Amino acid sequence: MDLEISGLGESRVNLEIALRMCEAALKQAGREGARVSVAVVDAGGHLVTFQRMEGAEIAGPVLAPGKAYTSVAHRRATAELARLTAPGGELFGLAGDRFICFGGGIPLWADYGEEERVVGGIGVSGGTVAQDVACAEAAAEVWRTG
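Per this note's numbering, residue 1081 is the first one in the sequence shown, and the count goes up by one each step.
Hints were generated in silico from the structure; no laboratory data involved.
Values in this document were obtained by computation on a predicted structure and should not be read as measured data.
The beta carbon of each residue, even a glycine, is placed where N, CA and C say it ideally should be.
There may be inaccurate statements among the hints.
[What the hints assert, rightly or not] Here are the simulated distance ranges between beta carbons:
#1 L1174 to A1210: 20 to 28 Å
#2 G1176 to E1221: 24 to 32 Å
#3 E1195 to G1173: 30 to 38 Å
With the hints as constraints, model all of the structure from the sequences given.
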């Protein structure tokens, strides 16, 4: 399931890197003492891969892909959306349906500079917000370093 954005270079989220990202997130979860679910989506928010640790909470299969999707749709980490979607925030009322507005979702960027764009996202759910963010950051680092 390779995703290539026509005319914008070779940056793509494919199954190989998505699996490596999941592995990094799961290893970080082990260090954090958390049991998590991890999802990687492409630039359209479509699921590339999903993994769930044994004993992870039952909401993970909904929340992890939702966080990944939300990070792609809004081109920002879901942790940033919490304050924006609170009463009085500029995105108040956004949360719900597929939009998950608390930490654990991070967009994946490519072609930094003028051609910079989001090519996918990572979502982690099952630990505390801080644990989910740490696991998502570990996965995003795999993307950044290839």
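Evaluation of the provided hints:
1. L1174 to A1210: 20 to 28 Å: Holds - the Cβ-Cβ distance for L1174 and A1210, about 22 Å, lies within 20 to 28 Å.
2. G1176 to E1221: 24 to 32 Å: 30 Å, holds
3. E1195 to G1173: 30 to 38 Å: At roughly 33 Å between Cβ atoms, G1173 and E1195 fall inside 30 to 38 Å, so the hint holds.
Violation of the numbered hints given earlier is absent; every hint is satisfied by the structure.
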